[in-house]
Amino acid sequence: MGDDIKHMKTGLTVAPRPEPIARDPRPRVRPSRTGAMEPLLVSAPESAQLLSISEATFWRWDSSGELGPRGFKKGGRRLWLLTELRAWTEAGMPRRTQWEAMRAAGSPAGR
5 MGDDIKHMKT GLTVAPRPEP IARDPRPRVR PSRTGAMEPL LVSAPESAQL LSISEATFWR
65 WDSSGELGPR GFKKGGRRLW LLTELRAWTE AGMPRRTQWE AMRAAGSPAG R
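Each step along the sequence shown adds one to the number in my numbering, with nothing skipped, and position 20 is 24.
It is worth saying that the hints were derived from the structure and are not from the lab. Only a predicted model underlies this, so the values are computations on that prediction, with no experimental measurement involved. Every residue gets a Cβ at the ideal spot worked out from N, C-alpha and C, and that includes glycine. Honestly, I wouldn't trust all of these hints.
[Unchecked claim] Subject to a maximum C-alpha distance of 20 Å in a straight line, what follows is the list of computed DMTMM-like cross-link-like pairs (lysine to aspartate or glutamate):
| # | residue 1 | residue 2 |
| --- | --- | --- |
| 1 | Lys78 | Asp66 |
| 2 | Lys77 | Glu88 |
| 3 | Lys77 | Glu104 |
| 4 | Lys78 | Glu88 |
| 5 | Lys78 | Glu42 |
| 6 | Lys77 | Glu59 |
| 7 | Lys77 | Asp66 |
[To be verified] Just the calculated beta-carbon pair ranges, DEER-fashion:
| # | residue 1 | residue 2 | range |
| --- | --- | --- | --- |
| 8 | Pro20 | Pro43 | 29 to 39 Å |
| 9 | Ala26 | Thr61 | 22 to 32 Å |
| 10 | Pro98 | Phe76 | 17 to 27 Å |
| 11 | Arg90 | Ser68 | 15 to 25 Å |
From just these sequences and the hints, can you work out the full model?
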């Protein structure tokens, strides 16, 4: 009762604790600082997550030529263009040799 009198005197009330926020289980690329734009480049772990495969499988596909898009080194990291990964999956995920031939021929799926 003493606490009730104290709160009445000060006019303060005790706020209820907020409910914990449920996390979205779907894989996603880390949001940018603004949260509004997608990244242009993605790392191997992010690329693997987008393709729903393990990072080990991603590297195995890259070294065997099963992964179509070639990554490139920038700042000591290997990165892939997000748009190219999307176009490659929309084209049916062809092997690298076929993917590069499609891109060289100007195939709409290869752009």
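- Item | Unmet hints by their number, sorted upward, for this structure | Structure breaks no hint.
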